[in-house]
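From first to last, the protein sequence lines are chains W and S. Each residue of the first sequence is one higher than the one before, counting from 40 in this note's numbering. Each residue of the second sequence is one higher than the one before, counting from 40 in this note's numbering.
In short, the hints are calculated from the structure, not lab data. There's no promise every hint is true.
Which copy? The list can't say, so a pair holds if one copy fits it or any two copies do.
[Said to hold, decoys possible] Calculated pairs, DMTMM-like style, for lysine to aspartate or glutamate (alpha carbon to alpha carbon, straight line, at most 20 Å):
{"#": "1", "residue 1": "Lys353", "residue 2": "Glu311"}
{"#": "2", "residue 1": "Lys166", "residue 2": "Glu311"}
{"#": "3", "residue 1": "Lys166", "residue 2": "Glu299"}
{"#": "4", "residue 1": "Lys166", "residue 2": "Asp304"}
{"#": "5", "residue 1": "Lys93", "residue 2": "Asp138"}
{"#": "6", "residue 1": "Lys166", "residue 2": "Glu297"}
{"#": "7", "residue 1": "Lys179", "residue 2": "Asp336"}
{"#": "8", "residue 1": "Lys179", "residue 2": "Asp52"}
{"#": "9", "residue 1": "Lys248", "residue 2": "Asp127"}
{"#": "10", "residue 1": "Lys353", "residue 2": "Glu299"}
{"#": "11", "residue 1": "Lys353", "residue 2": "Glu77"}
{"#": "12", "residue 1": "Lys166", "residue 2": "Asp73"}
{"#": "13", "residue 1": "Lys93", "residue 2": "Asp225"}
{"#": "14", "residue 1": "Lys93", "residue 2": "Glu245"}
{"#": "15", "residue 1": "Lys93", "residue 2": "Glu297"}
{"#": "16", "residue 1": "Lys248", "residue 2": "Glu272"}
{"#": "17", "residue 1": "Lys166", "residue 2": "Asp285"}
There are 2 protein chains.
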Amino acid sequence: MPETPVLTVLHGDRLPPGMQGIEAAAVVRYTREDGLAEALRGADALFVYDFLSKAVPGAWHAADRLRWVHIASAGVDPVLFPGLRDSDVVLTNSRGVFDRPIAEYVLGVLLAFAKDFARSAELQSRKRWLHRETERLTGKRALVVGTGPIGRAIAGLLRAVGLEVTGVGRRARADDPDFGTVHAADRLVDHLPDADFVIAVAPLTEHTKGMFDSRAFDAMRPTARFVNVGRGELVVTSDLVDALRDGVIAGAALDVFETEPLPQDSPLWTMENVLVSPHMSGDFVGWRDALVEVFADNFRRWRADRDLRNVVDKQLGYVPSTR
Amino acid sequence: MPETPVLTVLHGDRLPPGMQGIEAAAVVRYTREDGLAEALRGADALFVYDFLSKAVPGAWHAADRLRWVHIASAGVDPVLFPGLRDSDVVLTNSRGVFDRPIAEYVLGVLLAFAKDFARSAELQSRKRWLHRETERLTGKRALVVGTGPIGRAIAGLLRAVGLEVTGVGRRARADDPDFGTVHAADRLVDHLPDADFVIAVAPLTEHTKGMFDSRAFDAMRPTARFVNVGRGELVVTSDLVDALRDGVIAGAALDVFETEPLPQDSPLWTMENVLVSPHMSGDFVGWRDALVEVFADNFRRWRADRDLRNVVDKQLGYVPSTR
């Protein structure tokens with residue numbers, strides 16, 4: 040451990056707040072994507088605050104003494120490239136910050152579908168009073184694909200309001216504390232027909248990329264709604280568009296997309312059974328401070344040579360659950 | 040009890056479904072508002088299926104042998120006029136049918152406010168990708184004004200997702216099983232400043248009419264949202280409009296209105312911090328069948344001379360809680 044370590048901070052338009060304590064204990068190099076390689080040379084640690092940046096692989100050649108990378112997100116796919124994966128560099132993430140906010144967002148879109156809020160807003164804009172009957176959420180079935188902390192928070196909240204929830208994870212199990220039953224991801228298609236709501240919150244890995252394709256949508260109920268709060272690349276977007284257009288499924292709430300921002304020519308913008316939000320489901324007021332707090336806690340541990348929190352299994356592509 | 044009683048059914052555009060069993064056990068006279076007086080003459084019971092109709096008082100003079108009135112709603116204000124109140128005619132309501140659906144609606148609008156869904160929809164309609172930070176619902180405070188079964192279902196659901204909930208009822212109490220603390224309605228204004236969400240679900244009586252006036256809105260936080268799933272007449276609408284327009288409160292979700300349908304010239308239609316829905320918060324798919332089932336159960340009890348369910352205390356204006 041050097042006397043004063045060099046910490047590189049990759050940021051976008053905003054600098055991370057509340058870094059004073061860290062600045063007192065490290066030489067901090069703030070950089071945007073274009074200066075990353077230069078800023079990595081001689082650096083001991085990298086804080087990827089711009090957590091959607093794809094610039095790390097291209098600058099990796101300059102990382103000549105890096106020992107630790109921390110990313111300000113739950114998903115680590117932007118930094119899981121062979122150079123980092125096969126190195127001794129430790130990778131940590133921001134597990135925990137987004138769990139409950141994303142679960143609230145998911146519950147909100149389920150209620151928005153059940154209570155037909157989008158149509159109410161549209162009718163209100165035309166001053167039309169049109170009574171409709173709406174759905175009850177209690178007793179409906181949700182399949183949560185992804186059994187990490189965010190998936191667990193979603194399961195807990197949906198169960199608290201009366202939905203029946205099952206999970207889909209890497210391995211099948213019958214006695215999961217949050218899900219009860221977890222089905223194996225390689226049997227996903229067998230379990231999709233049971234669900235009123237299918238919620239994608241899996242980490243993006245080579246095993247999960249494109250797992251929601253036409254075969255998956257064909258297996259869903261025509262009344263089912265699909266929710267994606269994981270990664271856009273979990274979905275074959277053209278297959279989703281076809282499924283929504285052809286009534287194969289009833290609707291979708293999408294917070295993440297294969298290309299972000301969602302391109303202007305995407306048909307998803309204008310489909311009336313689709314709710315688009317701009318990758319913000321977990322971003323509550325104060326989230327930036329919370330992210331820096333998670334990093335600062337790990338920074339103090341790193342300096343004190345204590346075990347880091349949220350160490351990613353770089354082969355799996357996520358932090359293994361301790362449960 | 041006559042051999043075959045005469046039952047008058049007041050309906051609107053739709054007839055109640057599933058009446059075959061009742062038709063086999065009574066002479067059933069179906070009528071709309073304009074035929075009500077004639078249909079009441081000689082009738083033993085009245086089923087007010089058109090539960091928002093205000094025609095009963097004007098036809099009451101013809102009710103020469105009526106012993107029972109059942110209304111297909113939770114609120115009984117349309118039939119609580121002096122002639123019925125001061126008579127020996129028993130009044131029952133449809134307590135229970137709407138509890139959980141209305142609670143889901145309330146949770147839905149709270150999440151819609153917290154997660155800024157209306158703005159997301161508006162931005163989507165313009166294909167604009169604009170990230171925002173949103174609110175967490177966990178830890179927020181809700182004040183539920185009305186401690187009947189619907190208010191209790193709301194309290195249970197909001198508490199299940201992490202809100203702090205207190206109630207406002209006729210009498211203060213400290214150990215309510217659903218609310219914990221219930222404040223007395225005559226101290227409402229003292230407790231409004233504590234709430235992030237104020238939810239009106241009280242029965243409409245002479246004591247509650249207009250209880251949400253400028254004095255009440257002035258006492259709320261500027262960040263507070265007001266939700267009305269009770270009756271429009273609980274609110275002084277012009278005071279609410281002023282409070283919303285002047286930023287005295289942050290928003291409102293309104294399912295009921297002083298005049299329904301909401302008049303075309305109401306400013307509520309176009310206020311961007313207002314969610315308007317057409318008196319449908321409890322009306323789930325199957326609600327009409329459920330309402331007739333509640334009536335049919337009471338009809339069988341009435342014919343068998345057993346105690347009726349949901350007997351309204353005509354002085355209080357609602358079914359007293361048994362808890």
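Hints versus structure:
no. : hint            : result
1   : Lys353 / Glu311 : neither (40 Å within a copy, 47 Å between copies)
2   : Lys166 / Glu311 : both (19 Å within a copy, 13 Å between copies)
3   : Lys166 / Glu299 : between (34 Å within a copy, 13 Å between copies)
4   : Lys166 / Asp304 : between (30 Å within a copy, 9 Å between copies)
5   : Lys93 / Asp138  : neither (24 Å within a copy, 49 Å between copies)
6   : Lys166 / Glu297 : between (36 Å within a copy, 16 Å between copies)
7   : Lys179 / Asp336 : neither (40 Å within a copy, 27 Å between copies)
8   : Lys179 / Asp52  : neither (42 Å within a copy, 31 Å between copies)
9   : Lys248 / Asp127 : neither (25 Å within a copy, 70 Å between copies)
10  : Lys353 / Glu299 : neither (25 Å within a copy, 60 Å between copies)
11  : Lys353 / Glu77  : neither (25 Å within a copy, 81 Å between copies)
12  : Lys166 / Asp73  : neither (51 Å within a copy, 29 Å between copies)
13  : Lys93 / Asp225  : neither (29 Å within a copy, 60 Å between copies)
14  : Lys93 / Glu245  : within (17 Å within a copy, 64 Å between copies)
15  : Lys93 / Glu297  : within (13 Å within a copy, 55 Å between copies)
16  : Lys248 / Glu272 : within (6 Å within a copy, 54 Å between copies)
17  : Lys166 / Asp285 : neither (30 Å within a copy, 22 Å between copies)
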